[in-house]
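Enquirer: Sequence:
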Amino acid sequence: MPVVGYAPGAYDLFHIGHLNVLRHAAEHCDHLIAGVVADDVLELTKGRTPVIPLAERMEIVGALRFVDQVHAEVVPDKVETWRQVGGFDVIFKGDDWRGTEKGERLEADFAAVGVRVHYFPYTMHTSSTILRRALDVIDAPEPVGRVARALTS
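Our numbering puts the first residue of the sequence shown at 1198, with every later residue one more than the last.
Hints were generated in silico from the structure; no laboratory data involved. Values in this document were obtained by computation on a predicted structure and should not be read as measured data. Idealized CB from N, CA, C, for every residue including glycine. Mixed in with the good hints there might be a few duds.
[Unchecked claim] Just the calculated beta-carbon pair ranges, DEER-fashion: (1) E1224 / E1256: 21 to 27 Å; (2) Q1281 / R1313: 28 to 34 Å; (3) H1212 / A1309: 29 to 35 Å; (4) K1299 / H1212: 18 to 24 Å; (5) K1299 / H1221: 19 to 25 Å; (6) A1309 / N1217: 26 to 32 Å; (7) D1293 / R1313: 16 to 22 Å; (8) D1227 / R1280: 16 to 22 Å; (9) D1237 / M1198: 33 to 39 Å; (10) D1292 / F1263: 31 to 37 Å; (11) R1245 / R1313: 28 to 34 Å; (12) A1269 / V1310: 16 to 22 Å.
Take the sequences, apply the hints, and build the full model.
Expert: Laid out in structure tokens, this is it:
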């Protein structure tokens, strides 16, 4: 029986950490579904709107040769998403979730439906949050912007 995996994420400002999670996920299943979280769900769950709109993020993720299917994640409940995609056997998350309240809740919710949670190492040196902060500095009004440009030239 083929193993179906699900790798949810915002995939905003796509970077090496996203690539690593999806590549590693594909190595641990036969069919990989990448769940791209919708703009309004990101605003609800993270308190911010993504820089890149959902349709473009889905196109970027779907272009990866090791992603078999892309799903727009339009509800914050991962088990409801599991139902919407017709089920999967394993969900992949970064290990920054391991041992946290949200990670333990995810594990319990999915254990109830027979899905295992598989963690991958979080890429510490790059994140969308870091990239978003860099963009904020670049876009800052003078003189902060002038100082930032001087530091990067």
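Enquirer: When the structure is checked against the list of hints, which entries are broken? Sort them ascending.
Expert: 2, 10
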